[in-house]
Amino acid sequence: MILNKRIIRELKENWVRYGALVFLIIFSLGLVVSMAGSTDVVNYTIDTNNEKNQLEDGEFSVYVPLTENQKLELEKMGAKTEESFYMDLMGAEKSILRIFENRKNINTIELEEGRLADQMGEIVLEKHYAENYGIRVGQSMIVNQKNYLVTGIGTVPDYSNVVQNVSDVLADLKQFSIGFVSEAEFKQLLAEDINVEYNYSYKLDGNLTASELKEKLVDLDFDKTKVANKYMQEIINTIEKGKNDLSGGVNDLADGTQILANGTSSLKQGTNELADGAGSLANGTDQLSAGLEELTSSNITLNKAADDVFQGMIAQVNSEFEKMGMTVTITGDNYSAVIDGLIKAIGGSDANAVIVLNTMKAQLDSYKKFKDGLSAYTNGVESAYSGSAELSVGAADLYQGSVAVASGVSTLSNGSSELNSGMGEFKNQVTSFIDENMDYQYVNLIAFLEADDNQRITSCKSDAAINKNSALIAGVIIITLIAYMISVFVIHTIDKESAVIGALYSMGYVKKELLRHFMILPMLIVTASAMLGTGLGFLLIGENIKENVAYYSYPGYSMVFPPYLLIYGVLLPVLIALLVNYMVINSKLSMAPLKLLRREKKQHKLANIDLKEMGFINRYRIRQLLREIRGNLTMFWGLFIAILLMVFGFSIYGSVSAYVNNVASDVEYNYLYFLKYPMENAPNDVTKAYTESLTAELYLTGGEMDVTVQGIDDENPYFDFPLDGEKNDVIISDSVANKFGYKVGDEITLSDNLEDRNYNFRVKEVVSFASGLYIFMDIKDMRELFGQEDDYYNTLMSDHELDIEAGRIATVITVDKMVAAARQMFTMMYGLVITILGASVMLFAIVMYLLVKMMIDKSTFSISLIKVFGYNEREIKKLYLGTTFYTVALSTLIAIPVSKMIINKIYPYMVSNVSAGMNATMSPQSYLIMVAIILSAYAIVNFMIGRHLKKISLVEILKERE
Amino acid sequence: MFIEVNDIKKSYGEGGSYVQVLKGISTGIEKGQICAILGPSGSGKSTLLNTIGGLDTIDSGSIKISNIEITKLNPKELSLYRRNLLGFIFQFYNLVPNLTVKENIQVCEYLTKTPLDINELLEVLGLTEHQKKFPSQLSGGQQQRCAIARALIKNPELLLCDEPTGALDYQASREILMLIEKINKKYGTTMLIVTHNTAIKEMVHRVIKIKDGQISEDYANKVLKPASQLEW
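Protein chains in written order, with this note's numbering: chain A, 146 to 1107; chain B, 259 to 490.
Bear in mind the hints are in silico, worked out from the structure with no lab data behind them. In this text the structure is predicted, and so the values were computed from the model without any measurement. Just so you know, even glycine gets a beta-carbon here, dropped at the ideal spot from N, CA and C. Please note that a few of the clues may not be correct.
[To be verified] SDA-like cross-link-like pairs, simulated, lysine to any residue; straight-line CA separation at most 20 Å: (1) Lys1095(A) - Tyr994(A); (2) Lys657(A) - Leu331(B); (3) Lys641(A) - Pro355(B); (4) Lys740(A) - Ile639(A); (5) Lys740(A) - Leu307(B); (6) Lys386(A) - Thr370(A).
[What the hints assert, rightly or not] Just so you have them, the derived chain A footprint on chain B, three or more residues with Cβ under 8 Å: (7) 305-318; (8) 341-350; (9) 354-360.
All chains should be built: construct the whole structure from the sequences, respecting the hints.
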């Protein structure tokens, strides 16, 4: 159709307009396609690499290496395993180099240079590490004070995100990386008693699920005596000692009760005998007492008779003395002295008298002895009686007492017998308790991680996926806007050529032909731009992928041209343009030919609005605004999208900046040690805490994410919030609140996937803590909840570096490292922020320029007319560009808060795979800068349009009107 | 009769703004004739032309062109009718601004399978030397000649001219009228010319005067004055 010849001329005449649109489409699509394409390239490269290098289905770590039989058993069940033991050693500049043995079947090394380390003293390095330290193949490096020859540089699929711990927010490629040594070298390292992590990679053959494998691993026998790790052995010994102590104590107790039972039994027998004896004694004493009583009754008579005999003898002697002429009288008391006096007095003079006296004295002595003896006897009998009476009473009491003792001892004996019997039962129970509960199986499994939950494997792809999805959505929005803008320009052309179109209709042209004709230009522009944009996008993939390549560790990428991207980049814009332009142009061409010939226009109802007594300038501006309502609405949406992009850019900047600042300000300790094997006695100047890692459901992705539950006490100097409340009350960080959407009062459930247990908590408070995803609770409650000892801890917080054996430490986090990681995130995002801001400013300026210029073009007659009337340039600008200001101001006022709300909603999804809570934050300065950018862009566009206004020749315009 | 117009009525608006533009016009024009429709502004002459051209509808009556009752045609058929039978010339030319003279003519050449020879037409209309110029590079008379050429290229049976000289000066107007005369003779095209210019009535076969929506005068000239001799 010859009419189509005008298309090229239309293009030439309006090259600025169409050029700007072409630029916008190429730029937008270039950006979108390169972002989405980069993702596809990354995905393709990673998928290919994963397949080629046999990416694991998951991994697990154990305390004691699996036996060959166990490995065979697992393989029979459907899980092939391969040792992926590692140890963290000190590499260049105090960095940590995780050393593995060369892999054979799973997660094999993809070398980019050199060869595998197959000799002692050789090592293969991860590529970013080698690059960061400028290490090349053939060079040497020191690892753990030992010199190694670097034989190769490469990557492995299970460490595409080279983070030390799976819950780390970011990789620090200078501080941590991985290396591979030969089997022999690794064995030697093992022999050096270095703390090794017994990690295994597995691949399932489809007959076994990951959870079945985990169950099996939990059930696998475990020989605690083979625990190589001395710290673990220490823990086992402590636990076993407790068990043995308990068992020994119970045995001793049982023995004691047996002895007690035996003793009390003998005692019982003795007391019974004692009681019997006491009984006999009581009877005997009774009899004795009776006998003695009888004896006693004759005592007086006996004594009187004896005394009478003695007195008779005294009297006899006194009579003899008288007979002998001696004037002495003796008594029973003095006879001995008197007789001795007599004998002395006689001396040798009368031997017979002396003999008689001695005989008398002897007789008296003998009788006195008898008498005294009898008296003593009767006294004795008397005493015996009295004693026997007492004895009898005592014996009776003794008997009663011994009966009571016998009864008591019998009870005691029975009791001790029962005790002994109970003790036997107790011993059995304790033994079975020990057997059941203290027969520590020491579940060998420390950690179990499926590949899909392992951010070392997934984060690269999920990161890229978020970028891709965002880019694709943004692309559709921008292309729709551009398509609509083009249709607005086409309508402008149709309006301008309305009479010509009417004439063509008059000549017999049908709508279909004209529609086709008017569709050609927009379609041509969109198609060509889309092809160029898509091509450019593919060309820019290399540039776009740079940051990803620099951060993630995977082999050199291979370009792919996914068909969907060609469809998206070329077909989708064409379809959008086709649809939008068809609808708009078709509606415009549906006007009657006569109306077109007469240049009749449908006036929007708004154009007839009553503006009352408004001032002329404002009235004129509003009329112009309403007359060009379609253009102004298009501009509004264009500016809205540009501002949305701008808010997005500033929000990323603000979010990452706030994260960096908050990490630095929220964390008050300088060192945080997570201990695998806590010491019995922690250093004095540290703060103990108890940390567990649980998982929470992430509503944003439907997946799960690790959270750190930390038990602290009220005296913890690094946190100033109170910990009182119910046992399951927790204080969550704002990061957690933000990430998981938790609020105060919420009941939350966290899971321990290894133990298959759920824990319920209630959110008591939300506190500011940017680093990681932390939930705090009272350490006592936490110990109780997790069944730990009253003094258990596994975390140390300190202001200074601690001297702890490396083997005990799981991870050390320093504030400097946290801030450095956060800063790295900032650096990574910086390019994206600049791109987004640049694109938004460009979109803002181009959309505004094109639409304002179009509206001015449509008003050239009016402008020339008011020029004729005598209006000066300033006044004309005021009338026409003032209208634009209304739209710009309105767009800015509406778009900024609305965009912020939209970004607030979208942003969490965009950072859903980051293990930190990040808000879309914008500082007041950012708002000011944004307004300044908008005003500057407006001023520049105004200046350019002002120049265009100057060029409008009233003569030409009036002529054209004819 | 090539054109048969029978009691056509046409009105615009409703209520207070109701205006009856055509109040029962009936006439007929033979094939090959040039007919001038004269009348003051608002008399209904352009409306009559537009209804005959199928650009506007009527309230009642009938219009037959070459035995086709065009009032009963749907928009698509009307397009075909215009495509196959009609040529239009307007007061303001309505040329496609970014097509050259020749290309503007070719725009309508495209609509027929049996177009006239374009070079001959350019020659006849004195546009050969201007054929590569754009409308903005032409004078009003030249632009109107281009518009005539565009209308004629598909060799229409009926040429409808709405104030063809209305935007032209005297000399240019006379040239255009001479061309119309020449074309009529050369191609035998039936022509209907709506004009204010009363001088035209002397060069046409038939004159219809309209006043207030009705034919006030309808006659045929027995002797035609050559356009070159017209004075006004």
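Hint by hint, here is what the structure shows:
| no. | hint | result |
| --- | --- | --- |
| 1 | Lys1095(A) - Tyr994(A) | 16 Å, holds |
| 2 | Lys657(A) - Leu331(B) | 18 Å, holds |
| 3 | Lys641(A) - Pro355(B) | 10 Å, holds |
| 4 | Lys740(A) - Ile639(A) | 13 Å, holds |
| 5 | Lys740(A) - Leu307(B) | 15 Å, holds |
| 6 | Lys386(A) - Thr370(A) | 14 Å, holds |
| 7 | 305-318 | holds (count 4) |
| 8 | 341-350 | holds (count 7) |
| 9 | 354-360 | holds (count 4) |
Comparing the model with each earlier hint shows no violations; every hint is respected.
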